[in-house]
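Chain residues, written in single-letter form:
There are 2 protein chains.
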Amino acid sequence: MSPETPCLVTDLSQVGSRYDQLVGALPEISVFYAMKCNPAPEILRALRSRGAGFEIASLGELRALQAIGVDPAGVLYSNPIKPPAHIEAAAAAGVWRFGADSPGELAKISELAPGAAVYVRLRVDDSTSHFPLSGKFGTDVEDAYHLLLLAQRLGLRPYGVTFHVGSQCESTEAWRTAIRAAGTLMEMLLADGIELEMVDLGGGFPASYVAGAPPIEEIGEIIAKEIVDLPYRPDLIAAEPGRFLVAEAGVLAAAVVGRAERGDENWLYLEVGAFHGMAEPLQIPGGWTYPMWTSRPSDDLLPYTLCGPTCDSADTFAHGVLLPGTLTVGDVVYFGSAGAYTLSYATSFNAFPPPTQVFVGS
Amino acid sequence: MSPETPCLVTDLSQVGSRYDQLVGALPEISVFYAMKCNPAPEILRALRSRGAGFEIASLGELRALQAIGVDPAGVLYSNPIKPPAHIEAAAAAGVWRFGADSPGELAKISELAPGAAVYVRLRVDDSTSHFPLSGKFGTDVEDAYHLLLLAQRLGLRPYGVTFHVGSQCESTEAWRTAIRAAGTLMEMLLADGIELEMVDLGGGFPASYVAGAPPIEEIGEIIAKEIVDLPYRPDLIAAEPGRFLVAEAGVLAAAVVGRAERGDENWLYLEVGAFHGMAEPLQIPGGWTYPMWTSRPSDDLLPYTLCGPTCDSADTFAHGVLLPGTLTVGDVVYFGSAGAYTLSYATSFNAFPPPTQVFVGS
Numbered sequence: 001m002s003p004e005t006p007c008l009v010t011d012l013s014q015v016g017s018r019y020d021q022l023v024g025a026l027p028e029i030s031v032f033y034a035m036k037c038n039p040a041p042e043i044l045r046a047l048r049s050r051g052a053g054f055e056i057a058s059l060g061e062l063r064a065l066q067a068i069g070v071d072p073a074g075v076l077y078s079n080p081i082k083p084p085a086h087i088e089a090a091a092a093a094g095v096w097r098f099g100a101d102s103p104g105e106l107a108k109i110s111e112l113a114p115g116a117a118v119y120v121r122l123r124v125d126d127s128t129s130h131f132p133l134s135g136k137f138g139t140d141v142e143d144a145y146h147l148l149l150l151a152q153r154l155g156l157r158p159y160g161v162t163f164h165v166g167s168q169c170e171s172t173e174a175w176r177t178a179i180r181a182a183g184t185l186m187e188m189l190l191a192d193g194i195e196l197e198m199v200d201l202g203g204g205f206p207a208s209y210v211a212g213a214p215p216i217e218e219i220g221e222i223i224a225k226e227i228v229d230l231p232y233r234p235d236l237i238a239a240e241p242g243r244f245l246v247a248e249a250g251v252l253a254a255a256v257v258g259r260a261e262r263g264d265e266n267w268l269y270l271e272v273g274a275f276h277g278m279a280e281p282l283q284i285p286g287g288w289t290y291p292m293w294t295s296r297p298s299d300d301l302l303p304y305t306l307c308g309p310t311c312d313s314a315d316t317f318a319h320g321v322l323l324p325g326t327l328t329v330g331d332v333v334y335f336g337s338a339g340a341y342t343l344s345y346a347t348s349f350n351a352f353p354p355p356t357q358v359f360v361g362s
Numbered sequence: 001m002s003p004e005t006p007c008l009v010t011d012l013s014q015v016g017s018r019y020d021q022l023v024g025a026l027p028e029i030s031v032f033y034a035m036k037c038n039p040a041p042e043i044l045r046a047l048r049s050r051g052a053g054f055e056i057a058s059l060g061e062l063r064a065l066q067a068i069g070v071d072p073a074g075v076l077y078s079n080p081i082k083p084p085a086h087i088e089a090a091a092a093a094g095v096w097r098f099g100a101d102s103p104g105e106l107a108k109i110s111e112l113a114p115g116a117a118v119y120v121r122l123r124v125d126d127s128t129s130h131f132p133l134s135g136k137f138g139t140d141v142e143d144a145y146h147l148l149l150l151a152q153r154l155g156l157r158p159y160g161v162t163f164h165v166g167s168q169c170e171s172t173e174a175w176r177t178a179i180r181a182a183g184t185l186m187e188m189l190l191a192d193g194i195e196l197e198m199v200d201l202g203g204g205f206p207a208s209y210v211a212g213a214p215p216i217e218e219i220g221e222i223i224a225k226e227i228v229d230l231p232y233r234p235d236l237i238a239a240e241p242g243r244f245l246v247a248e249a250g251v252l253a254a255a256v257v258g259r260a261e262r263g264d265e266n267w268l269y270l271e272v273g274a275f276h277g278m279a280e281p282l283q284i285p286g287g288w289t290y291p292m293w294t295s296r297p298s299d300d301l302l303p304y305t306l307c308g309p310t311c312d313s314a315d316t317f318a319h320g321v322l323l324p325g326t327l328t329v330g331d332v333v334y335f336g337s338a339g340a341y342t343l344s345y346a347t348s349f350n351a352f353p354p355p356t357q358v359f360v361g362s
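As given, the protein sequences belong to chains A and B, one line each in that order. Quick note on the numbering used here: the first sequence kicks off at 1 and runs consecutively. Quick note on the numbering used here: the second sequence kicks off at 1 and runs consecutively.
Derived from the structure by calculation, the hints contain no laboratory data. Worth double-checking, as some hints may not be accurate.
Unchecked claim - Listing some non-contacts, in silico: residues in chain B with all C-beta distances to chain A over 10 angstroms:
1) Gly104
2) Val228
3) Pro285
4) Asp300
5) Val332
Unchecked claim - Computed far set for chain A versus chain B, every beta-carbon distance over 12 angstroms:
6) Gly24
7) Gln152
8) Asp192
9) Pro215
10) Thr294
To be verified - Some chain B residues near chain A, calculated using beta-carbon distances under 8 angstroms:
11) Asp20
12) Gln21
13) Val23
14) Gly155
15) Arg157
Keep in mind it's a predicted model, so treat the numbers as computed, not measured. Cβ atoms here follow ideal geometry from the backbone N, Cα and C, with glycine treated the same way.
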């Protein structure tokens, strides 16, 4: 029996096997799931049962973890800028490791979570990722050095270094450069008698969409080699994968609600558009290409403009997508690799509720 | 006492006086509030008590109206492409007027709401609006003519014509051109013995942001003059304002959660960003300028990059905004004219809930 559309079907077995694949490719690394990409409790539980830790960006995310019994002491709070009340409540709950990249954030942490461990976020080259993150966050090695010294003076524990190569990073070179920058920082701190306990590789591990992605084993080899070359071996080498673990496990199913020819364009109106799961395509010029198939397979293809069910023109998310010319109202369009950053970006605009979530496997 | 941030405070008295102003400027026109821009029941009730009708884009919106006692018979269902189940249920509830702009939609309506009244949507020049809508919807006069003849053959009632000059339309000329196109269509249909009962002017009536907007009285004069020149006088002249009625009545308050200097940029991290209310700025190159002020007034201004509380770089929504240099964590930033298209686009990304809604006045 097919679930009612629109829905996101996630195969928990596949989430588990992706976790195993990641741990196999990066055996020295502790995984902290970046839950923002899909915070469904079913996924959190599946990953916890495999041994994953968690990375949070807010107190709300911590509460969702606590609700399924995760110990806050094992959680990394990596958002470099946090609301003061969230720092205080997270520390009270048992979180003891906080990311930072500015003197202001260190001041907040020292006041609201005295003695906490802090890790600085480096700005690294993320130009090879689909979703660069360095504008908003991160600092250079020199600044990071001074921040960790400041942390020490503020009574905080200069604990580690992190970076983010950008979400869906498709260049293995990016990790090499970033880990070397972390090594430079570690070297500088040694002169001050500070040995970092953690190197956190952040996220960015790519999932396969239409264009494919470099194999995780290749990324793992580069990381392993670079870690050997660090000035010393930190106690904890962490990573914060999100998309890698859940994207490919999810299929988003949306029925066709209408079709129209407008000029020489074929417009296809689906139950799901930019406001209800297909937001990432709008962030990338040229669009973001999910593998797609339909309930009415055919070799007679037409280029379609794809949009959602709302009365808003911004709810148009792809152009020139080849799908069967015979598609009609009620047919279902499937988006593969849709497990990450789809429902977590969804709204209820126009009173269309977000797609439901369905889980299979375990 | 100030409400807890983040919150959207809407003055219902101002919604009412904007309604009065609109009706004063366009006395011959029946107002159907485009509820998508802010569907809070408090606003729906305030407008209903003034005599407003409602325009919907989905069955969910109709259900929200029914929940406050609105009679579906007075509702316009203007979304030109509707899920079949929504057409059927809306018709069963008493909605009898449906927008369309394609043969496929007429086929759906004739099957699921036999005998219903239909109005066609014209594609008009919306290049002078901030949010053009014509890519996704609308057809030309010639097509519209054939659609209404087709509607008649399908047993539907060829009821009216509509258009949308684009949201936040700042050119009075746009209405002139659009009404004339409607007049041409009416003229053509007369030869077939069809007299339309409704001309629906759509939305687009502008609210005042930083840049101001042409006065509604000026728009009203142009519309009144053009209506006189129509081939005949339809029974109903409708309009679907949204933003005009509620934008200026709302103030969004968001506390500063962090600050950072990055290169020569001053970054200000607020409780509300692109995912929690400030989505419209991302739709416009150059940004969308809400009037802004703060809880720490000062003449010593700095240009800031503004972003939200999430760990996502896409959550950056304005650049070079001049605000006091002394702003610090906990200060509150206020966005004026924020009553429309803010919370209706909000997500819960990163487990930050959308701002709460607070109402004052009546």
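Evaluation of the provided hints:
1. Under the 10 angstroms C-beta cut-off, the non-interface status given to B:Gly104 relative to chain A is violated; the minimum distance is some 5 angstroms.
2. In this structure B:Val228 is separated from chain A by more than 10 angstroms, as the shortest Cβ-Cβ distance comes to about 30 angstroms.
3. Look at B:Pro285: its CB is around 12 angstroms from the nearest CB on chain A, clear of 10 angstroms, so calling it non-interface holds up.
4. Look at B:Asp300: its CB is around 18 angstroms from the nearest CB on chain A, clear of 10 angstroms, so calling it non-interface holds up.
5. The Cβ of B:Val332 lies farther than 10 angstroms from every Cβ of chain A, with a closest approach of about 13 angstroms, so its non-interface assignment holds.
6. Distance check on A:Gly24: its Cβ is at least 27 angstroms (rounded) from any Cβ of chain B, clearing the 12 angstroms threshold; non-interface status holds.
7. Under the 12 angstroms C-beta cut-off, the non-interface status given to A:Gln152 relative to chain B holds; the minimum distance is some 20 angstroms.
8. No Cβ of chain B comes within 12 angstroms of the Cβ of A:Asp192; the nearest lies about 23 angstroms off, and the non-interface call holds.
9. Every C-beta of chain B lies more than 12 angstroms from that of A:Pro215, the closest at about 26 angstroms, which supports listing it as non-interface.
10. No Cβ of chain B approaches the Cβ of A:Thr294 within 12 angstroms, the least distance being about 17 angstroms, so the stated non-interface status holds.
11. Below 8 angstroms, beta-carbon pairs count as interface contacts, and B:Asp20 has none with chain A, the closest being about 26 angstroms; its hint is therefore violated.
12. This hint is violated: B:Gln21 has a C-beta 25 angstroms from the nearest C-beta of chain A, more than the 8 angstroms allowed.
13. At about 24 angstroms, the closest approach between the beta carbon of B:Val23 and any beta carbon in chain A exceeds 8 angstroms, and the interface hint on this residue is violated.
14. Taken as an interface hint, B:Gly155 does not check out: its beta carbon lies about 19 angstroms from the nearest beta carbon of chain A, beyond 8 angstroms.
15. Restraint check, B:Arg157 versus chain A: the minimum CB separation of about 21 angstroms is more than 8 angstroms; hint violated.
Consistency note: the structure conflicts with the earlier hints numbered 1, 11, 12, 13, 14 and 15.
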